[in-house]
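As they're listed, the protein sequences go chains A and B.
Residue numbers for the first sequence follow the numbering used here, beginning at 1 and rising by one.
Residue numbers for the second sequence follow the numbering used here, beginning at 1 and rising by one.
No lab work stands behind these hints, which were simulated from the structure alone.
Do not rely on the hints blindly, as some may be mistaken.
In silico DSSO-like pairs for lysine-lysine, Cα to Cα no more than 30 Å straight-line [as the list claims (entries may be wrong)]:
| # | chain 1 | residue 1 | chain 2 | residue 2 |
| --- | --- | --- | --- | --- |
| 1 | B | K109 | A | K49 |
| 2 | A | K49 | B | K154 |
| 3 | B | K216 | A | K9 |
| 4 | B | K88 | B | K113 |
| 5 | B | K190 | A | K49 |
| 6 | A | K9 | B | K95 |
| 7 | B | K158 | B | K88 |
| 8 | B | K56 | B | K216 |
Here are the in silico distance ranges between beta carbons for each label pair [unchecked claim]:
| # | chain 1 | residue 1 | chain 2 | residue 2 | range |
| --- | --- | --- | --- | --- | --- |
| 9 | A | E55 | B | P169 | 22 to 32 Å |
| 10 | B | S201 | A | Q45 | 15 to 25 Å |
| 11 | A | K117 | B | T198 | 50 to 60 Å |
| 12 | B | S201 | A | Y113 | 44 to 54 Å |
| 13 | A | G108 | B | Y114 | 22 to 32 Å |
| 14 | A | S58 | B | G34 | 49 to 59 Å |
| 15 | B | K113 | A | R70 | 44 to 54 Å |
| 16 | A | V101 | B | K45 | 37 to 47 Å |
| 17 | A | N36 | B | E52 | 46 to 56 Å |
| 18 | B | R205 | A | E55 | 21 to 31 Å |
| 19 | B | S18 | A | D20 | 38 to 48 Å |
| 20 | B | K113 | A | Y113 | 34 to 44 Å |
| 21 | B | S201 | A | R38 | 22 to 32 Å |
A few chain B positions that, by computed beta-carbon distances, are all more than 10 Å from chain A [what the hints assert, rightly or not]:
| # | residue |
| --- | --- |
| 22 | Y114 |
| 23 | K116 |
| 24 | R118 |
| 25 | A122 |
| 26 | D165 |
| 27 | D179 |
| 28 | A189 |
Virtual Cβ for every residue (Gly too), placed ideally from N, Cα, C.
Read off the chains here:
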Amino acid sequence: MSECEITSKLFLELHDGDADAQTRAQFNDHLERCPNCREDYECYQIAVKAMNSFEPVSPPPQFLALLSVRLDAVGAPSPGFFDTIRSFFATAPRMPLPAGVAALVFVGVLGFYLYDKAPTNMKWESKPVAVADPASKPVLGKAKSPGLVAKGISPASTSSSGMAVLPRPSRPAVAPTPNRLSRYSMPNADSSGGRGRSLMAVEPTVADQIGADNLTVESPYIDKAVESVKRMLPDLHGQIVKENARTSGGEVLLRVVIPTRSYADLTTNLINLGAVEAGAGAEVTPPRVYKKEPSKRVLHIRFIPPRIGLK
Amino acid sequence: MLIPFETNIQELCLIIVSVLMFSAFRPEDDQDKGTVEECRRGSRKAFDILVEKYYKRIYNLAYRFVNDSEEASDLTQEIFTAAYQNLKRFRGDSKFSTWLFQIAANRGKNRFKYLKRRGYFANRSQGDGQGDRDSYQRELPDNTSNPENLLAGKELQKLVRDAIDELDPDHKEIVILRDIEGFSYDEIAKILNLPEGTTKSRLHRARMVVKEKLKKVLS
Numbered sequence: 001m002s003e004c005e006i007t008s009k010l011f012l013e014l015h016d017g018d019a020d021a022q023t024r025a026q027f028n029d030h031l032e033r034c035p036n037c038r039e040d041y042e043c044y045q046i047a048v049k050a051m052n053s054f055e056p057v058s059p060p061p062q063f064l065a066l067l068s069v070r071l072d073a074v075g076a077p078s079p080g081f082f083d084t085i086r087s088f089f090a091t092a093p094r095m096p097l098p099a100g101v102a103a104l105v106f107v108g109v110l111g112f113y114l115y116d117k118a119p120t121n122m123k124w125e126s127k128p129v130a131v132a133d134p135a136s137k138p139v140l141g142k143a144k145s146p147g148l149v150a151k152g153i154s155p156a157s158t159s160s161s162g163m164a165v166l167p168r169p170s171r172p173a174v175a176p177t178p179n180r181l182s183r184y185s186m187p188n189a190d191s192s193g194g195r196g197r198s199l200m201a202v203e204p205t206v207a208d209q210i211g212a213d214n215l216t217v218e219s220p221y222i223d224k225a226v227e228s229v230k231r232m233l234p235d236l237h238g239q240i241v242k243e244n245a246r247t248s249g250g251e252v253l254l255r256v257v258i259p260t261r262s263y264a265d266l267t268t269n270l271i272n273l274g275a276v277e278a279g280a281g282a283e284v285t286p287p288r289v290y291k292k293e294p295s296k297r298v299l300h301i302r303f304i305p306p307r308i309g310l311k
Numbered sequence: 001m002l003i004p005f006e007t008n009i010q011e012l013c014l015i016i017v018s019v020l021m022f023s024a025f026r027p028e029d030d031q032d033k034g035t036v037e038e039c040r041r042g043s044r045k046a047f048d049i050l051v052e053k054y055y056k057r058i059y060n061l062a063y064r065f066v067n068d069s070e071e072a073s074d075l076t077q078e079i080f081t082a083a084y085q086n087l088k089r090f091r092g093d094s095k096f097s098t099w100l101f102q103i104a105a106n107r108g109k110n111r112f113k114y115l116k117r118r119g120y121f122a123n124r125s126q127g128d129g130q131g132d133r134d135s136y137q138r139e140l141p142d143n144t145s146n147p148e149n150l151l152a153g154k155e156l157q158k159l160v161r162d163a164i165d166e167l168d169p170d171h172k173e174i175v176i177l178r179d180i181e182g183f184s185y186d187e188i189a190k191i192l193n194l195p196e197g198t199t200k201s202r203l204h205r206a207r208m209v210v211k212e213k214l215k216k217v218l219s
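Go ahead and model the full structure; you've got the sequences and the hints to work with.
Right, dumping it as structure tokens:
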């Protein structure tokens, strides 16, 4: 770009007085040396000065009257719904921008705080993924330990909720609930030995009063667990002979009669689902024979809410 | 179906935030705000107040586009009628005066294009005598009262006016707003919805065109 082109681009800046001292000096220096640019700038100034000198013109005297007639002919526009809403906000007191931003930040922080502290009654726990763990397969055998326990739970993996739902028997077994169940041994099944250990040492349970012929199902969703067991029983030819209403502690007790041959399947399913704890007791006795039908056994299944503090 | 507790809180926060954002980011105070709101509610009297306030300046702006008092009067009425009919579309995100001058600049430019296509300005330039336009023009400031200088001044203004009429609509618009009507760069940027830098560069190009025409005649 030539010096003349650069100079001509500075006309507006120089005319408005916005150029710095150095630019002004260079500009004036060029004008002294270049008569063409000097003439150009003079014409530029004359043109701008001429435009600046245009005097304001006055409207004709009857202008307002003519306009009024025209506006009357047009008619007043009717305010719409959104105009009403808009006018509501427009009449609100204006808030200075810093105060508005501060209020915005405050509301945002408050919103996050309240969301975090909101009750969790609507939080849904994700169901455990059905993964069959060979290590968790119960060791079947004569019951020498008190009651039935589950096996193969890794103490490292913890879950305070226990199993949410007991599926139908046809569903694959899932990994047992961790960290509260010891090795399982079961009557009338091969067992690699080992005594089951009571998990009820922390506090006495209903199982202590009932005896060892019971299963305890720990679940945060007792109603669903009960329904699952109820759905499980027909396939195993079992039936519920008595159902106690929910206690004040949230416990439900089912008295179940089940064929002896199906007992292992039922307990296996419950154990494999990790929802079963042992009934406490110094001795373990096999489930009682159902007097009306000797081929069947009587079993108590107790549903309790999740407890904490148990190993 | 029971609505979860968190959702209610979230919805409430969203509403509050929206209201605060709308209030916080509203434009600066507009002196005509109250009057405009009354107009929106259908008050003709309120609109007359706005007309009384702005009609002279709008008329001047219109006149610079068309260079004729009858055309300017008609154009000004058209501008105010358009504003009256479209006031409900005015969102209030700018001053009312800015919005009004936007309408005026758009209508003036359109009218100028229309008249230029019809050869209006060419005919007037050829047959132009002194007419009513020149009676409104003041002579260029001159330290002497030499009649020759006065005549030269009037001639010069006529030359400049003719040069402006030959500009393209965008250049004429910005020359009128800045050099004739005296709007600031900031006001022009808002009226034309352009960055200030673009405004200045466009003005510079317009002035250079006028300068070239003037230079040809003077030399």
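Just to be careful, I want the Cα atoms of B:K190 and A:K49 compared with a cutoff of 30 Å; is the pair within it? Holds, at roughly 25 Å.
Indicate whether the distance between the beta carbons of B:K113 and A:R70 respects the range 44 to 54 Å. 23 Å, violated
Are the Cα positions of B:K56 and B:K216 separated by 30 Å at most? 35 Å, violated
Do the Cβ positions of A:N36 and B:E52 conform to the proposed distance bound of 46 to 56 Å? About 51 Å separates the Cβ atoms of A:N36 and B:E52, which means 46 to 56 Å holds.
Is the gap between the beta carbons of B:S201 and A:R38 within 22 to 32 Å? Holds, at about 23 Å.
Hint check for B:K45 and A:V101 - Cβ pair distance inside 37 to 47 Å: Since the Cβ atoms of A:V101 and B:K45 sit about 39 Å apart, the hinted range of 37 to 47 Å holds.
Taking 21 to 31 Å as the hint, is the beta-carbon distance of B:R205 and A:E55 inside that range? With a Cβ separation near 26 Å, B:R205 and A:E55 satisfy 21 to 31 Å, so the hint holds.
Do the Cβ positions of B:S18 and A:D20 conform to the proposed distance bound of 38 to 48 Å? 46 Å, holds
Between A:S58 and B:G34, does the beta-carbon spacing fit 49 to 59 Å? Roughly 29 Å apart at Cβ, these two residues miss the hinted range, so it is violated.
Run the C-beta distances from B:D179 to all of chain A and say if the shortest one exceeds 10 Å. 4 Å, violated
Are the Cα positions of A:K49 and B:K154 separated by 30 Å at most? 13 Å, holds
Given hint A:K9 paired with B:K216 - CA-CA distance at most 30 Å: 20 Å, holds
Hint compliance for this structure: hints 6, 7, 8, 13, 14, 15, 20 and 27 are broken, all remaining hints hold.
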